[in-house]
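The whole structure should be built from the sequences, with the hints applied where relevant.
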Amino acid sequence: MSKTASEPAGGHLTDDVVGMSHHDTTARRILVVWLPLACFMFVLLFPFYWMAITAVKPNDQLTNYAAHSPFWVVDPTLDHIKYLLFETSYPGWLWNTVIVSVCSTVIALAASVFAAYAIERIRFTGARVTGLLVFLAYLIPPSILFIPLAFIVFQVGIFDSRLALILTYPTFLIPFCTWLLMGYFRSIPFELEESALVDGATRWQILTRVILPLAVPGLISAGIFAFTLAWNEFIYALTFIQSSENKTVPVGVLTELVRGDVYEWGSLMAGALIGSLPVVILYSFFVDYYVSSMTGAVKE
Amino acid sequence: MSVSAAPPPRASRASRGSFFERLSQSRNGLGLLFMLPAAVFLLCFLTYPLGLGAWLGFTDTMIGRPGIFVGLENYEYLFRDRVFWLSVFNTLFYTAIASILKFALGLWLAIILNENLPFKTFFRAVILLPWVVPTVLSALAFWWIYDSQFSIISWVLMQLGFIDAPINFLGDPWNARFSVIAANVWRGIPFVAISLLAGLQTIPASLHEAAALDGATSWQRFRRITLPLLTPIIAVVMTFSVLFTFTDFQLIYVLTKGGPVNATHLMATLSFQRGIPGGALGEGAAIAVAMVPFLLAAILFSFFGLQRRKWQQGGND
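Heads up: the sequence lines are chains S and Z, in that order.
Just so you know, we're using this note's numbering here: the first sequence kicks off at 1 and counts up by one.
Just so you know, we're using this note's numbering here: the second sequence kicks off at 1001 and counts up by one.
What the hints contain is simulated information worked out from the structure, not anything from laboratory work.
Yeah, the Cβ is synthetic: ideal placement off N, Cα and C, and Gly gets one too.
There may be inaccurate statements among the hints.
[Stated by the list, open to error] So the derived label-pair ranges between C-beta atoms look like this:
hint : chain 1 : residue 1 : chain 2 : residue 2 : range
1    : Z       : Leu1296   : S       : Met41     : 32 to 42 Å
2    : S       : Leu45     : Z       : Ala1212   : 30 to 40 Å
3    : Z       : Gln1149   : S       : Pro58     : 16 to 26 Å
4    : S       : Leu197    : Z       : Arg1223   : 50 to 60 Å
5    : Z       : Val1083   : S       : Ser284    : 41 to 51 Å
6    : Z       : Arg1080   : S       : Gly157    : 31 to 41 Å
This is the structure we're talking about:
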């Protein structure tokens, strides 16, 4: 509801700002807008630059700041990346992360579509309370659940398996996806559903033929966001997984590549970089969906 | 198709009632059916563990050994445990400082982005990057940036002549506290900024124009127009931010693992430390339960923030 009301105002806004902003002088604009913006951009992006440059630096340049400027690299090397891909279990961790993220996202999305539709459109008794409970579930952080969950995972006998992660990740994905999809379903006019009902469609047909095609942007938002959350998850993976071949990228890089006192910064940073790439690539294709799902979760 | 045809258990009794009653009956049955998958997951892996966690907090369960009920023993032990109180202090300090910084810097960045800039979408996209990248992996970059010998920050400051020896970022208690806060703020700014930007864009420009014509300064316009209209969304965004900062685990685990001498142990990392490597599941669960009152306070705050927002926008619930 708030969404539809706000959009015309947002569109209106840009025109008016142009009308006001040419009162600003150029010097003031540089000082107030561009200089702080440049600082923000530098600080926010520097760690990525540092990660990338370290990943391609030969070992002898890595810590020898006297002979080589640390900000640049003279003979970039792919040794760290090669080491990572061919001499460690890194490709396996990458594969685990993909499987776990995709499976848990699909499960969460499927469950959330039904739940959101039921809460928002079937409006069974207690739908509003259920909606509120879903929101509260979204606020329960993994860091207070991991100990009892580890206990349960162990008792069920799926400890140290990918299944443990696939089944536990939906606990934080479902509340988020449901909450987001509820907002999308709310924006689809009731009249469409009514006319489908009059034409004799069942609820199932309404959901699959009317609602879901219209909610595709919402599904994409929820899906890629859930995928990112699952990809970034750490505490469950750290707790539930023991053997190297079942680890996900964040856990594997941290627990297996960090050995002893001599850190191999090159391969560590290469591992961090490659582990980030899939979500960054996904993100770059769907920026607007990300933004809408992030702000949607806060707005609704 | 079979879904809507399946009659709910009590349909036969209701069939004597009005049409509306029958409809609402089948409606509840259908609602239940549609809710089932999500409910099963959330009850098995969210509600049940939540209860189990509370129960474990009252037992002396160790890894590989079922525990017995010991009453409040874990809590009594924690109450006398200086490390636990230190972690409570650290958590509150970390949450307070990081949230204030995230809010101030995030709001500033949002206001800058709300200006009419060229390449606006590009900036917005790039600014979200720290938030998209897995925390553990960006924390590794910070670990390298905070290296005790080869820190790039120390090197630059030494080149500029501000310091003589590398800063011991993660080895000294207060340095470590501020270093992890800086890394947390770095990761949190994008979320706050982009969410607040979405809020800023809903404020009609005509209000600003009217105020400007009446001679209001830009500070007055910010204080009297932007801030009041943004307050509801600020409440929600900051509740989320506080909640996730308070329960942070990843960043600390990568950067310091709670050290030096427990100076950066948060309640979440202490709970992990005692529960998983330490094996004392009961005690770890008790520490996690001790976080709940704080979280409840934050959630209640969020709840009333949401209510207020709907009321302000003329929503009906």
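Practice task
Mind checking the hinted window 16 to 26 Å against the Cβ distance between Z/Gln1149 and S/Pro58?
Solution key: At 19 Å between Cβs, range holds.
Practice task
Using the beta carbons of Z/Arg1080 and S/Gly157, state whether their distance is inside 31 to 41 Å or not.
Solution key: Since Z/Arg1080 and S/Gly157 have Cβ atoms about 38 Å apart, the given range 31 to 41 Å holds.
Exercise for the section: Could you check the hint for me, namely that S/Leu197 and Z/Arg1223 are 50 to 60 Å apart, CB to CB? Expected result: 51 Å, holds
Practice task
Just tell me: holds or violated, for the beta carbon distance of Z/Val1083 and S/Ser284 against 41 to 51 Å?
Solution key: 44 Å, holds
Exercise for the section: Starting from the hint 32 to 42 Å, judge whether the C-beta atoms of Z/Leu1296 and S/Met41 obey it. Expected result: Cβ of Z/Leu1296 to Cβ of S/Met41: about 38 Å, so the range 32 to 42 Å holds.
Practice task
Look at the Cβ atoms of S/Leu45 and Z/Ala1212 and judge whether their distance stays inside 30 to 40 Å.
Solution key: 34 Å, holds
This entry satisfies every hint, going by the numbered hints stated previously.
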